Amino acid sequence: MLRAMIPMEVPLSEVDFEDETFRISEDLDLDRMVASLNAVGQIHPVVLLERAYGNGHRIVCGFRRLHGLRLMGCGQASANLLHSTESSTLEAFLKAMWDNLSHRQFNPLEAARVLHTLKNVCSVEAGILVERFLPLLGLSPHCHVLESYLALHGLYPELRRLLLAGRLTLSTAECLARSTPELQRKVAPVLGKVRFSASLQREVLELAEDLGAISGATLVEVLTGTEILSIAEDSNLSSFQRGEKIHGLLYRLRNPRVARAREAFLAEKAALGLPGTVRLSPDPFFESPRLRVEFDVNSAQAFHETVKALERAGLNASLDRLFNIV
Amino acid sequence: MVPYRPEQILVQEEAWNDAATQRMLGKLAGVPARTVRDIDSLLPELRSGKDFRTTAKRTLILARNSGQFMKDCPGAGAEICCNYYVINYALNCHLECTYCVLQAFLNNPALTIYTNIDDLMREVKGKAVASPEHVFRIGTGETADSLALDDLTLYSPLLVPFFRSLPNAVLELKTKSAQVANLHGLDHGGHTIISWSLNPRTIIRGEELKTASLEERLDAARRCQEWGYRVGFHFDPLIYYEGWEQDYQGVVRDLFRAVDPAGVCWISLGCLRFTPHLKDIVRERFPRSRIPYGEFVPGNHGKLRYFRPIRDEMYAKMRSWIGEKAPQALVYLCMENRAVWERSFGQAPASSDELSAKMDCSAGLSRDFLAKAHRGEASACVSCGNPIARSKK
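Quick mapping for you: the protein sequence lines, in order, are chains B and Z.
Counting along the first sequence from 1, when you hit position 230 you're at 353 in this note's numbering, and nothing is skipped either side.
Counting along the second sequence from 1, when you hit position 48 you're at 42 in this note's numbering, and nothing is skipped either side.
If you're looking for bench data, these hints aren't it; they were derived computationally from the structure.
Treat the hints with caution; some may be incorrect.
What the hints assert, rightly or not - Here are the simulated lysine-lysine pairs, BS3-like style, with alpha carbons at most 27 Å apart: (1) Lys273/Z with Lys242/B; (2) Lys218/B with Lys242/B; (3) Lys273/Z with Lys368/B; (4) Lys51/Z with Lys311/Z; (5) Lys51/Z with Lys273/Z; (6) Lys297/Z with Lys311/Z.
Remember, predicted model here, so these are calculated numbers, not experimental data.
Take the sequences, apply the hints, and build the full model.
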């Protein structure tokens, strides 16, 4: 427990800003902090850990406040001091963790950082992390969850930004975090220009993995191939359209027969010349020759016109072919 | 086949007094054994570690099955189904086929053998006696290989004569092993069919890692025919790859060089199918496997299977190759829909009952036949006239 302390003024020159051992916040968001400090000053003291032999102080709680004060040109900060002879690294980090948890929830990257620090800096055993700390962080107490979050900690900076911006799902980020640094570095710019729905993200990664395994190419080679890069750069398309186009490309490469069948179906369907209110769809994946026909009308006249269009389509040679696509 | 040798045996408290337990412990003398009260409490330990699906099989659990042994085959929901039954004498298999569904299906990753085999036989007999008009074709190969553990369990010498005593039931022992020595000399009375899952040598080497070679399987089939058993073959899973035609045609050719087509009661065809979860497991456990990279589409119950034209082509060609060598053989599709039957075979059974009746007939289990067979008089199915390989006993 933190004993009642009397805050003291500590020169910022004695604070080691490079040491981020106890940092939890992913984003320091200094603009808002500086505005707050300008308006009302430093309300709460930070917590610092005194290094042995007087070699300055490590930041335990208050990274944003201290960076803000430094940015504002302040020379000192109000701080509670812990001494390294009295507080172990684990104790100090737990103070930082509880200080943060008391007023906010961690985002996935912060939870990952906490677990990484507990394991690798504070030497907390995996079993304890799973049983005690995962629930504390609002996570399920399973080994694979711990492994996922430990991997997530190594995510490439640009991908971290995409995750926090909601452009990547957590599972996609976890998957990328497990891949090589080279892949993360090379894929990040592509993902920055493209948007995929959550389900498409999963599919695209799976398709790319399969294509890599089939062709012997690396995932980097698949995901940064010429065609993909060219789609990602296509300024005529929205970022969502680019995503769909990349998915389509990978799907065609992975499933050439299914893709050809779909294209053939669309071509024959178009040849029937039916109005847009009539929808024709094949059995899923052409499992049977069955064809589903639906149409919407809002008047008797529209009904008659649709029926006539269907009659005309019935005489079209493409109709037979629709039942024999594969 | 690589024989099974566990590193430890866990015996459920209630199973200690079963004769099968004592028999297996005797066979595995030297392997440490201890008693367990609650098998479920072992699961966290058995499922721990990255490669638990491999390591857990080194633990053999001898336990009593407190539930039902006999169930409908999982294919029972298919549009055209042969109305088969399964009895599960064991859970899991050490043969390590990369595509094995048990990897994703079993909650307990150890290898479990049920020791209350008497209860199994009592249950089967109860059902068979309760429905004397109904024909029961029953297999033990759903959650385990039927014969790969037979040197340990010695169950076939119990089950084969037992099925001979049931006029309306036939046992099918499906295997990828060549472990048939225990079948020699048994009084099967035509009520046991021994069948093999077959694949080309390249698939056996690369994807069916600890199983018997094709030659060993076919030689075992030949011996079983010599001992009067009818035999069956299952090209399931059929696996599509470059060069599959030449390889599978070669297997069909080798098959009918080894066995007499007249003594083959059925041959099933079924293309590879698996769940998305299984795909992940295969990729992780067997990174060199090519199995996950076919052109799959989702089908019934979320299972992935080859795009239909691929299946159509494989079935049509397989049937044609089999037909050249064994025109009388009953070839059927497992877990396929009517459209696939019609496209690949040119016709489909009118119903599951029709397929089922054909298989009963091919198994030699029409009622008239049974009546005669039981008196040892029949040598041909009285329904269809097909010759039936009879026991030499």
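Against the structure, the hints:
1. Proposed proximity of Lys273/Z and Lys242/B is contradicted: the alpha carbons are some 32 Å apart, above 27 Å.
2. In summary, the hint linking Lys218/B to Lys242/B is supported, as the alpha carbons are separated by about 16 Å, within the 27 Å threshold.
3. For the proposed pair Lys273/Z and Lys368/B, the alpha carbon gap of about 26 Å is at most 27 Å, so the pair holds.
4. The suggested pairing of Lys51/Z with Lys311/Z is violated, with an alpha-carbon distance near 38 Å, which exceeds 27 Å.
5. Using a Cα cut-off of 27 Å, the hinted pair Lys51/Z and Lys273/Z holds, with the two alpha carbons roughly 20 Å apart.
6. Distance check on the hinted pair: Lys297/Z and Lys311/Z sit about 24 Å apart at the alpha-carbon level, within 27 Å; holds.
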